[in-house]
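Peer 1: Given next are the chains, with one letter for each unit.
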Amino acid sequence: MKRDILYGVMAEFKTPTELVEAARATEHAGYKKFDAYSPFPIEELSDAVGFHKNGVPLVVLIAGIIGCLSGYALQYWISVIAYPINVGGRPMHSWPSFVVVTFEVTILFAGVSAVLGMLALNGLPMPYHPVFNVPRFALASKDRFFLIIFYSDPKFDLASTTKFLQAMGPRSISEVPG
Amino acid sequence: MSEPNKVESGLVQAPVIEPGHTFATVTDQISSIVLTRPVSNGWVFGFGLSFLLTMGMLYAIGYLFIKGVGIWGVNIPVGWGFAIVNFVWWIGIGHAGTLISAILLLLRQSWRNSINRFAEAMTLFAVSCAGLFPILHLGRPWLAYWLFPIPNTMQYWPQFRSPLVWDVFAVSTYATISALFWFIGLIPDLATLRDRTDNRGLKIVYGMLAMGWRGSARHWARYETAYLLLAGLATPLVLSVHTVVSFDFAVGIVPGWHTTIFPPYFVAGAIYSGFAMVLMLAIPIRKFYGLEDFITERHLENSAMVMLATGLIVGYGYVIEAFMNWYAGDPNEGFVLWNRLHGPYALSYYALLFCNLVLPQVLWIRKFRVKPFWLFLISLDILVGMWLERFVIVVVSLHRDFLTSSWGMYYPTRWDWMTYIGTIGLFLSLMFLFVRILPMISIFEMRTLLPEAEVKSE
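Chains A and B, in that order, give the protein sequences. Just so we're aligned, residue 1 is where the first sequence starts under the working numbering, counting upward by one. Just so we're aligned, residue 1001 is where the second sequence starts under the working numbering, counting upward by one.
Hints listed in this document are in silico derivations from the structure and should not be mistaken for laboratory results. Take the hints with a grain of salt, since some may be wrong.
Partner residues are not named here, just some residues of chain B that face chain A (Cβ under 7 Å, in silico) [unchecked claim]: (1) Ala1024; (2) Ile1184; (3) Gly1185; (4) Phe1444.
Using 25 Å as the maximum straight-line C-alpha spacing, the simulated DSS-like pairs for lysine-lysine come out as follows [claimed, not checked]: (5) Lys1367/B <-> Lys142/A; (6) Lys53/A <-> Lys33/A; (7) Lys33/A <-> Lys163/A; (8) Lys1371/B <-> Lys142/A; (9) Lys142/A <-> Lys14/A; (10) Lys14/A <-> Lys163/A; (11) Lys1371/B <-> Lys14/A; (12) Lys155/A <-> Lys142/A; (13) Lys155/A <-> Lys53/A.
The structure presented is a predicted model; accordingly, all values stated were derived computationally and were not measured. The C-beta atom is built at its ideal place from N, Cα and C for all residues, glycine as well.
Chain A on its own, in the form it takes in the complex:
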């Protein structure tokens, strides 16, 4: 694949405002495959890079429902079928006393799925990524903001894309090897 030679072109900005504007301009210019990196979450940025389908809430909802049902089923099965204990003729299926554990198991499933779902959808853990080849990218976790246009973008052309990024006044531009 050609990706082996080049992964994309990356521009470095100094403020979050510059980055968000650059991302909007990139989308406006017709680029589809690009990404932005920042040292902290920027609300406007995910919209600017065209990210709209966030799958995390659905994962958490499904896991929560599974947790709720399995928590209750576990208690029902144990208390009524597998290990019934008759205490003074009280009902085996004493649902009010099952509420607490059902609730806890719901939270447990939903919470674990929020973390694992977020990591899985983000494709993490991923110890190696081409962007780490850019030495200045270490600042992406400190105080600099980066925009990358991927080589895989149909509109990508090294000369014109570099020129496009250059026009936005970045602090530096680097080619990201694949």
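Start from chain A and add chain B according to the hints.
Peer 2: Below, chain B without anything else, positioned relative to chain A:
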């Protein structure tokens, strides 16, 4: 996010971050504590002392394993003793961490950003200390796994109608979710440490823990959602945990336990003692690590006000408890109050009222809310008071119940004390290690508080 540095409606409040900081200075100052700051003698001394206490605890536990719970002061009628007092005390302390990290996040109290990380660490370590006690108290601690529904050859299963089993689920879920919440909050900061360190070995360790975090906008969006959902899940969870702990008592029929005020009163007490512990940790930390710019007077004052408010709820609990003892007309319930006021443990009840109800009222005066020295002492007083409260609930209720023939006294032994003080040592040792190994203030959340973090629209 609201503007945290704004002066609010005539009241001059201390800022959340002292002015003049940038992304770079915030990052450098917090990460340098971990990466470049040399180990000080004070740290070595503090850690050494805590570690010594931890060793004392391990000795006491080792002896317990050999001899059994008979080495403790527990016996009939007081079968719970220190183990349950300490369990409730520690788990209550943990609650403030979750309150700060989850509930204040949902309420958009951005001042929390500089204290949530170590408050969450505090939660985790406090829950670890708490979790030890019920297991040690089992008598045969190696059978602790019987509490979980694990298929076994005896075809035995737990009794789900018992609050003690609810407690197992509540506390283990709480420990798991707290650990996840703490870890997910650490990921971006671990990436910062990975990028900042020059040490190859550390780079690999932090790199592995950061899991290749690179701060992509798409990642941040999912991350923020997951973090918010986790906060939303942790909020009812934390309230449920101490509610379930209070069910351990309230579902029983012992006079002094069987009351409906327990769940809210336990939760308020938990937050009360938890904030006291947060302050007892924050005050020395900000001083010794020069973090007054990040943990400002504002944080101290807000925490003090939370203590004042929850302290009043706890006080309301005391009043209602006493009122119901009288109003219920049950002679055994009425005796509980008499026994607290005039019985052999009366001193602990008076001390508890003084520590929890009387002394903290000085927090109405601003000076005591912002002066670290006084706040430290008041926090210590509250922690002692809340421990006494659990002592009164557990021991004083149990030692004289319905039948005079079954009355008895409870005297803690040196092993009780060694285990208890040892867990304080364990807690502090873990805190000492934490402040050296991981960023104790959330760096990325601090960046969002800076004025330059705002995206200006044209």
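Peer 1: Please go over all the hints and tell whether each is borne out by the structure.
Peer 2: Quick rundown of the hints versus the structure:
no. : hint                   : result
1   : Ala1024                : holds, 5 Å
2   : Ile1184                : holds, 5 Å
3   : Gly1185                : violated, 11 Å
4   : Phe1444                : holds, 5 Å
5   : Lys1367/B <-> Lys142/A : violated, 37 Å
6   : Lys53/A <-> Lys33/A    : holds, 15 Å
7   : Lys33/A <-> Lys163/A   : holds, 17 Å
8   : Lys1371/B <-> Lys142/A : violated, 33 Å
9   : Lys142/A <-> Lys14/A   : holds, 11 Å
10  : Lys14/A <-> Lys163/A   : holds, 19 Å
11  : Lys1371/B <-> Lys14/A  : violated, 39 Å
12  : Lys155/A <-> Lys142/A  : violated, 31 Å
13  : Lys155/A <-> Lys53/A   : holds, 23 Å
Violated hints, in rising order: 3, 5, 8, 11 and 12; the structure is consistent with all others.
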